[in-house]
Amino acid sequence: DTGVSQNPRHKITKRGQNVTFRCDPISEHNRLYWYRQTLGQGPEFLTYFQNEAQLEKSRLLSDRFSAERPKGSFSTLEIQRTEQGDSAMYLCASSLYSGVEQFFGPGTRLTVL
Amino acid sequence: DQQVKQNSPSLSVQEGRISILNCDYTNSMFDYFLWYKKYPAEGPTFLISISSIKDKNEDGRFTVFLNKSAKHLSLHIVPSQPGDSAVYFCAASAVQGAQKLVFGQGTRLTINP
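Quick note, the sequences are listed as chains A and B, same order. For the first sequence, the residue numbers in the numbering used here are 1090 to 1202. For the second sequence, the residue numbers in the numbering used here are -4 to 108.
Source of the hints: derived by calculation from the structure; they are not laboratory data. Idealized CB from N, CA, C, for every residue including glycine. Mixed in with the good hints, there may be bad ones.
[Stated by the list, open to error] Covered by chain A, per the in silico footprint, the following chain B stretches (three or more residues, Cβ under 8 angstroms):
1) 33 to 45
2) 87 to 97
[Unchecked claim] The calculated lysine-lysine pairs, modelled on DSS-like cross-linking and capped at a C-alpha distance of 30 angstroms, are:
3) B/LYS66 with A/LYS1146
4) A/LYS1103 with A/LYS1146
5) B/LYS49 with B/LYS63
6) B/LYS0 with A/LYS1146
7) B/LYS66 with B/LYS51
8) B/LYS63 with A/LYS1146
9) A/LYS1146 with A/LYS1160
10) B/LYS51 with B/LYS0
11) B/LYS0 with B/LYS49
[Stated by the list, open to error] So these bits of chain B aren't anywhere near chain A, every CB distance computed over 10 angstroms:
12) VAL(-1)
13) GLN9
14) TYR27
15) ILE48
16) ASP50
17) LYS51
18) HIS71
19) PHE84
Only chain A is shown next, with the shape it has when bound in the complex (with noise of 0.2 angstroms):
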């Protein structure tokens, strides 16, 4: 089965240290998406790429957080100087440019400390 894998699945980092996450999405999947969500929310729209491009990005995503999907396959999420509200689950998902439905990996749990 090659659905959306995320890694690493957990990341207990220190305030002020910098992580990247990072995202392989369904390799026919030409659209990937990353989310967070936080205790008793819904995930958020964080930013999307279409093939390479990141075509749009949400205000939530300030300017410490970056990422990147070189030759439109995998994709990192790097988050500079954390702070304790960045703690959260980040989410991936990949979809067809044909289609709405996203599949979503299985997250990577951030701890800031």
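Fit chain B to the known structure of chain A by using the hints.
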């Protein structure tokens, strides 16, 4: 502003009976609606979707109903099974553009034996 709302944080249903989960939305631009199921420590799993040109979509034990005039949708699960116990998220999207998903807060469904 919460564009997608699930007003029931939790729902408890007897095994074999019908589970009805509700969702309301405010943005008239939404034209595609999805339900996801989430187990702890996993990413959301796509269940069923409906386009705004339809008022009902059925897939096995799952049926989604859409009332556009009321901006309301519901997910019916019949018969409910213990494995259905999970958090259910309603999500909405506009087919044009990024097709990002806007999620409700989720409803925790518990199926009692």
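Please work out if A/LYS1146 and A/LYS1160 have their alpha carbons no farther apart than 30 angstroms. holds (19 angstroms)
With the threshold set at 30 angstroms, check whether the alpha-carbon distance from B/LYS0 to B/LYS49 stays at or below it. holds (21 angstroms)
Proposed proximity, B/LYS0 with B/LYS51 (alpha carbon, max 30 angstroms): holds (20 angstroms)
Does A/LYS1146 sit within 30 angstroms of B/LYS0, going by the straight-line distance between their CA atoms? holds (23 angstroms)
Taking C-beta pairs only, is B/HIS71 more than 10 angstroms away from all of chain A? holds (20 angstroms)
Taking C-beta pairs only, is B/LYS51 more than 10 angstroms away from all of chain A? holds (18 angstroms)
At 10 angstroms, judged by beta carbons, does B/VAL(-1) keep clear of chain A as stated? At about 8 angstroms from chain A, B/VAL(-1) fails to clear the 10 angstroms cut-off, so the statement is violated.
Take a quick look at B/PHE84 and tell me if its Cβ sits farther than 10 angstroms from every Cβ on chain A, holds or violated. It is violated; B/PHE84 is separated from chain A by about 5 angstroms at its closest Cβ, not greater than 10 angstroms.
B/LYS63 paired with A/LYS1146 [C-alpha distance capped at 30 angstroms]: holds (29 angstroms)
Next pair to validate is A/LYS1103 with A/LYS1146; report whether the Cα-Cα distance is within 30 angstroms. The given pair, whose Cα atoms are some 26 angstroms apart, holds under the 30 angstroms limit.
Does the structure keep B/LYS66 and A/LYS1146 at a Cα separation of 30 angstroms or less? Holds, at about 27 angstroms.
If I take the minimum Cβ distance from B/ASP50 to any residue of chain A, is it greater than 10 angstroms? holds (18 angstroms)
When each numbered hint is compared with the structure, violations occur for hints 12, 14 and 19.
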